Amino acid sequence: MKILEAQSAQLTNYEVYTHLTELKRKSNERVGNKVLGRPPGNLETIVREILDYFDQAPNPLASKPFPYNESTIRNLLLRLREFRFSKSEIIMMINLRPANLGNLNTIVEELEGRFDDEQQEAIVGAICEVLGKADEEAERLAMTNNANQARKESMDQESRQEPMDTDG
Amino acid sequence: MFILTKIADLVQIHPSDLEKGHAQVIEDNINAKYANKVIQKIGLCICMYDLLSASDGLIGNGDGLVNVNVEFRLIVFRPFKNEVLIGRISSATDQGIRIRTAFFDEIFVPRDRLPEGSFFSRDEQNYQWPVSPADKLFYDNHDTVRFRIEEEHWFDQSPLGPSAANDLNAPASAHSPYTLVASMEDPGLGPCLWWDGEGEEEG
Numbered sequence: 001m002k003i004l005e006a007q008s009a010q011l012t013n014y015e016v017y018t019h020l021t022e023l024k025r026k027s028n029e030r031v032g033n034k035v036l037g038r039p040p041g042n043l044e045t046i047v048r049e050i051l052d053y054f055d056q057a058p059n060p061l062a063s064k065p066f067p068y069n070e071s072t073i074r075n076l077l078l079r080l081r082e083f084r085f086s087k088s089e090i091i092m093m094i095n096l097r098p099a100n101l102g103n104l105n106t107i108v109e110e111l112e113g114r115f116d117d118e119q120q121e122a123i124v125g126a127i128c129e130v131l132g133k134a135d136e137e138a139e140r141l142a143m144t145n146n147a148n149q150a151r152k153e154s155m156d157q158e159s160r161q162e163p164m165d166t167d168g
Numbered sequence: 001m002f003i004l005t006k007i008a009d010l011v012q013i014h015p016s017d018l019e020k021g022h023a024q025v026i027e028d029n030i031n032a033k034y035a036n037k038v039i040q041k042i043g044l045c046i047c048m049y050d051l052l053s054a055s056d057g058l059i060g061n062g063d064g065l066v067n068v069n070v071e072f073r074l075i076v077f078r079p080f081k082n083e084v085l086i087g088r089i090s091s092a093t094d095q096g097i098r099i100r101t102a103f104f105d106e107i108f109v110p111r112d113r114l115p116e117g118s119f120f121s122r123d124e125q126n127y128q129w130p131v132s133p134a135d136k137l138f139y140d141n142h143d144t145v146r147f148r149i150e151e152e153h154w155f156d157q158s159p160l161g162p163s164a165a166n167d168l169n170a171p172a173s174a175h176s177p178y179t180l181v182a183s184m185e186d187p188g189l190g191p192c193l194w195w196d197g198e199g200e201e202e203g
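Chains as they are written, first to last, in my numbering: chain A, 1 to 168; chain B, 1 to 203.
In short, the hints are calculated from the structure, not lab data. These figures come from a predicted structure and were not determined experimentally. All C-beta atoms in this analysis are idealised placements derived from N, C-alpha and C, irrespective of residue type, glycine included. Heads up, some of the hints might be wrong.
To be verified - Pairs of lysine-lysine, DSS-like flavour, derived with a Cα cap of 25 Å:
#1 A/26 - B/6
#2 B/136 - A/152
#3 B/33 - A/34
#4 A/26 - B/20
#5 A/24 - B/33
#6 B/136 - A/2
#7 A/87 - B/81
#8 B/81 - B/37
#9 A/26 - B/136
#10 A/87 - A/24
Unchecked claim - Computed footprint of chain A on chain B, listed as stretches where at least three residues anywhere in the stretch have a Cβ under 8 Å from a Cβ of chain A:
#11 46-53
#12 82-88
#13 144-153
To be verified - Below, a sample of chain A positions facing chain B; criterion: calculated Cβ distance under 7 Å:
#14 3
#15 4
#16 16
#17 46
#18 52
#19 53
#20 105
#21 107
#22 111
#23 113
#24 147
Sequences and hints are given; from them, build the entire structure.
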């Protein structure tokens with residue numbers, strides 16, 4: 001193994017998502033095909049886990065209607081060109097879809113120093129227009145449900161473990 | 001969050017796999033070797049992105065393996081410094097908060113990178129942030145949180161030589177090969193439920 005280039009490009013979550021869903025579609029086609037067999041197990045694990053991660057609120061990839069398509073990134077770059085964001089800031093905007101100034105502030109360094117109030121509103125507006133707006137209520141509900149479900153599962157696990165301990 | 005890394009490697013194709021077709025076998029072999037594994041100073045490998053080139057297959061003496069030199073790009077999980085990510089709190093100790101995502105567990109927020117004044121509650125086993133004397137905010141387990149990547153740590157897990165391995169006092173390596181240190185002290189970071197509602201009030 002020889003590393004030729006440690007970082008030849010940065011990808012947005014959407015690009016990874018499209019690649020992995022395509023990969024998953026192909027591996028589903030292999031089911032029942034004796035010649036091809038199953039894809040490697042470690043690959044199936046990581047692909048499933050990452051797609052799970054993308055599918056959890058408040059990730060924009062989990063929201064409906066699906067906010068991305070082939071021209072989304074291009075459109076967003078055109079809309080935000082005048083603000084001269086760095087590449088990493090743009091990538092975070094595409095990945096996280098900040099819907100209010102508080103969230104934008106975490107992503108953009110020195111937001112208040114670089115832009116006046118009007119510009120800040122314009123940035124949030126542009127992101128909102130290109131990527132759509134999240135159904136906040138549904139997202140909050142989904143997040144609370146996810147957390148509650150996870151808590152319940154871990155409680156179940158604990159209670160299941162106790163009788164096993166007495167057996168052992 | 002994700003990057004592409006260009007790698008050159010030797011793929012050995014077993015004769016029984018030749019039926020699958022070259023492109024597919026090479027992809028499977030690369031994925032079997034790299035997927036879900038950490039390369040030091042590179043990151044957590046996810047899968048092959050594309051195959052850039054492959055040499056002719058050469059068969060060596062003694063076995064039927066087809067040796068192909070390939071160049072390919074891998075999708076790798078390697079968040080950059082100051083990147084904001086989403087994850088979930090998995091546990092809290094008086095050292096700090098552990099965060100996990102569905103595919104990566106080793107994210108740690110030390111207590112001094114939480115908002116000033118927040119403290120660890122031994123009774124409830126979580127962190128609490130008193131925003132006003134009467135009002136506290138909680139970092140509950142399994143809450144979805146935003147955090148900012150601050151540092152990355154690498155631990156090379158290559159096997160020790162016999163002299164080091166015989167030293168019984170040497171601590172067993174319990175480190176993960178790749179861990180991240182994050183912060184949640186800036187406004188906007190921490191449980192998403194605290195911040196995402198604000199837009200409604202302002203608008």
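Going down the list of hints, with the structure as the test:
In summary, the hint linking residue 26 of chain A to residue 6 of chain B is supported, as the alpha carbons are separated by about 23 Å, within the 25 Å threshold. Straight-line distance between C-alpha atoms of residue 136 of chain B and residue 152 of chain A comes to about 24 Å, which keeps the hinted pair within the 25 Å bound. At most 25 Å may separate the alpha-carbon atoms for a hinted pair to count; residue 33 of chain B and residue 34 of chain A meet this at roughly 22 Å. Pair hint residue 26 of chain A plus residue 20 of chain B holds up; C-alpha atoms about 14 Å apart against a cutoff of 25 Å.
The straight-line distance between the Cα atoms of residue 24 of chain A and residue 33 of chain B is roughly 18 Å, inside the 25 Å bound, and the hint therefore holds. For the hint pairing residue 136 of chain B with residue 2 of chain A, the CA-to-CA distance comes to about 52 Å; that exceeds 25 Å, so the pair is violated. Taking the CA atoms of residue 87 of chain A and residue 81 of chain B, the gap is about 13 Å. The hint holds against a cut of 25 Å. The hinted pair formed by residue 81 of chain B and residue 37 of chain B meets the criterion: a straight-line CA distance of about 21 Å does not exceed 25 Å.
Between residue 26 of chain A and residue 136 of chain B the CA atoms are separated by roughly 49 Å; this puts the pair beyond 25 Å, and the hint is violated. Our distance criterion of 25 Å between C-alpha atoms is broken by residue 87 of chain A and residue 24 of chain A, whose separation comes to about 29 Å. With a cut-off of 8 Å between beta carbons, the segment 46-53 of chain B has 3 residues touching chain A; three or more are needed, and the interface restraint holds. Check on the segment 82-88 of chain B: 5 of its residues sit with their Cβ under 8 Å from a Cβ of chain A, so the three-residue criterion for coverage holds.
Given as covered by chain A, the segment 144-153 of chain B passes the check, having 3 residues with a CB less than 8 Å from a CB of that chain where 3 are the minimum. Interface hint at residue 3 of chain A: satisfied, since its Cβ lies 6 Å from the closest Cβ of chain B, which is below the 7 Å cut-off. Given the 7 Å rule on beta carbons, the hint for residue 4 of chain A holds: about 4 Å separates it from the nearest Cβ of chain B. Taking 7 Å as the C-beta contact cut-off toward chain B, the hint placing residue 16 of chain A at the interface holds, the least distance being around 5 Å.
Because the beta carbon of residue 46 of chain A sits about 4 Å from the nearest beta carbon in chain B, less than 7 Å, this interface hint is met. The interface hint given for residue 52 of chain A holds, since its Cβ lies 4 Å from the closest Cβ of chain B, which is under the 7 Å cut-off. At a threshold of 7 Å, the smallest CB-CB gap from residue 53 of chain A to chain B is about 4 Å, leaving the interface hint in force. Hint status for residue 105 of chain A: holds, given a least beta-carbon distance of 5 Å to chain B, under 7 Å.
Below 7 Å, beta-carbon pairs count as interface contacts, and residue 107 of chain A has one with chain B at about 6 Å; its hint therefore holds. Hint status for residue 111 of chain A relative to chain B: violated, with the closest Cβ pair at about 10 Å, above 7 Å. For residue 113 of chain A, the shortest C-beta to C-beta distance to chain B is roughly 15 Å, which exceeds 7 Å, and the interface hint is violated. At about 4 Å, the closest approach between the beta carbon of residue 147 of chain A and any beta carbon in chain B falls short of 7 Å, and the interface hint on this residue holds.
When the structure is compared with the earlier hints, violations turn up for hints 6, 9, 10, 22 and 23 and for no others.
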